[in-house]
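For the sequence shown, my numbering begins at 1001 and goes up steadily by one.
If you are wondering where the hints come from, they were derived from the structure by calculation, not from laboratory data. Don't take every hint at face value.
[Stated by the list, open to error] Here are the computed lysine-lysine pairs in the DSS-like style, where the Cα-Cα straight-line distance is at most 27 Å:
| hint | residue 1 | residue 2 |
| --- | --- | --- |
| 1 | Lys1052 | Lys1011 |
| 2 | Lys1028 | Lys1011 |
| 3 | Lys1051 | Lys1011 |
[As the list claims (entries may be wrong)] Pair ranges (Cβ atoms, derived):
| hint | residue 1 | residue 2 | range |
| --- | --- | --- | --- |
| 4 | Arg1006 | Asp1068 | 16 to 22 Å |
| 5 | Ile1060 | Asp1018 | 34 to 40 Å |
| 6 | Glu1072 | Pro1045 | 17 to 23 Å |
We put the beta carbon where it would ideally sit given N, CA and C, even for glycine.
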Amino acid sequence: MRENYRYSYLKERYYHEDIGSYYSYAIKINNYVKQSISILPDISPDEEVVKKIVRICNEIQLEPEYIDEVFEQFV
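Generate the whole structure from the sequences, applying the supplied hints.
In C-alpha coordinates:
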(Lines of atoms letter the chains of each structure in order from A and count residues from 1; the text may use other names and numbers.)
(Lines give C-alpha, C1' and ligand atoms only; values in the text may rest on other atoms or scores of the structure.)
Protein backbone atom coordinates (compact mmCIF):
# COMPACT_ATOMS: atom_id res chain seq x y z
CA MET A 1 0.00 0.00 0.00
CA ARG A 2 1.33 3.41 -0.95
CA GLU A 3 1.48 5.97 1.82
CA ASN A 4 0.08 9.43 1.30
CA TYR A 5 2.25 12.28 2.44
CA ARG A 6 1.41 15.81 3.50
CA TYR A 7 4.07 18.44 3.16
CA SER A 8 3.83 21.75 5.01
CA TYR A 9 6.19 24.56 5.90
CA LEU A 10 7.11 26.34 9.11
CA LYS A 11 8.80 29.65 9.77
CA GLU A 12 11.55 29.11 12.30
CA ARG A 13 14.23 31.17 13.95
CA TYR A 14 17.83 30.03 13.52
CA TYR A 15 21.21 31.25 14.69
CA HIS A 16 24.54 31.34 12.92
CA GLU A 17 27.65 32.66 14.64
CA ASP A 18 28.62 34.83 11.64
CA ILE A 19 25.25 36.54 11.10
CA GLY A 20 23.35 36.08 14.35
CA SER A 21 19.63 35.28 14.48
CA TYR A 22 17.59 34.97 11.30
CA TYR A 23 14.33 33.46 10.08
CA SER A 24 14.06 30.73 7.50
CA TYR A 25 11.49 28.15 6.45
CA ALA A 26 11.55 24.43 7.19
CA ILE A 27 9.54 21.70 5.50
CA LYS A 28 7.61 19.18 7.58
CA ILE A 29 6.55 15.81 6.19
CA ASN A 30 3.66 13.84 7.69
CA ASN A 31 2.33 10.46 6.61
CA TYR A 32 -1.32 9.62 6.01
CA VAL A 33 -2.05 9.09 9.72
CA LYS A 34 -0.59 12.52 10.47
CA GLN A 35 2.50 11.18 12.12
CA SER A 36 5.51 13.40 11.63
CA ILE A 37 8.11 11.66 9.51
CA SER A 38 10.68 14.39 9.15
CA ILE A 39 11.41 18.08 9.44
CA LEU A 40 13.90 19.51 6.97
CA PRO A 41 15.29 22.65 8.62
CA ASP A 42 16.45 25.95 7.14
CA ILE A 43 15.43 25.33 3.54
CA SER A 44 15.25 28.98 2.48
CA PRO A 45 14.48 32.43 3.87
CA ASP A 46 12.24 32.92 0.80
CA GLU A 47 8.70 31.89 1.73
CA GLU A 48 7.53 31.78 -1.90
CA VAL A 49 10.22 29.26 -2.88
CA VAL A 50 9.32 27.00 0.02
CA LYS A 51 5.59 27.30 -0.77
CA LYS A 52 6.27 26.16 -4.34
CA ILE A 53 8.30 23.17 -3.17
CA VAL A 54 5.55 22.17 -0.71
CA ARG A 55 2.82 22.57 -3.36
CA ILE A 56 4.67 20.40 -5.87
CA CYS A 57 5.47 17.73 -3.30
CA ASN A 58 1.81 17.53 -2.26
CA GLU A 59 0.53 17.49 -5.86
CA ILE A 60 2.72 14.61 -6.96
CA GLN A 61 2.72 12.86 -3.58
CA LEU A 62 6.50 12.79 -3.62
CA GLU A 63 8.14 9.97 -1.72
CA PRO A 64 10.28 11.68 0.96
CA GLU A 65 13.50 10.01 -0.18
CA TYR A 66 13.31 12.01 -3.45
CA ILE A 67 12.95 15.47 -1.96
CA ASP A 68 16.59 16.35 -2.68
CA GLU A 69 15.85 16.13 -6.41
CA VAL A 70 13.04 18.68 -6.01
CA PHE A 71 15.37 21.05 -4.12
CA GLU A 72 17.88 20.91 -6.96
CA GLN A 73 15.23 22.31 -9.32
CA PHE A 74 14.78 25.42 -7.15
CA VAL A 75 18.36 26.14 -6.15
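Hints, verified against the model:
Between the alpha carbons of Lys1052 and Lys1011 the distance comes to roughly 15 Å, so the proposed pair stays at or under 27 Å and holds. Under the criterion of a C-alpha separation no larger than 27 Å, the hint pairing Lys1028 with Lys1011 is consistent with the structure, at around 11 Å. Between Lys1051 and Lys1011 the alpha-carbon distance is near 11 Å, which keeps this suggested pair within the 27 Å criterion. Range check, Arg1006 to Asp1068: about 19 Å between beta-carbon atoms, so the 16 to 22 Å window is met.
With their beta carbons about 36 Å apart, Ile1060 and Asp1018 fall inside the hinted range of 34 to 40 Å. Glu1072 and Pro1045 have their C-beta atoms about 18 Å apart, which keeps the hinted 17 to 23 Å range intact.
Every hint, counting from the list given before, is met by this structure.
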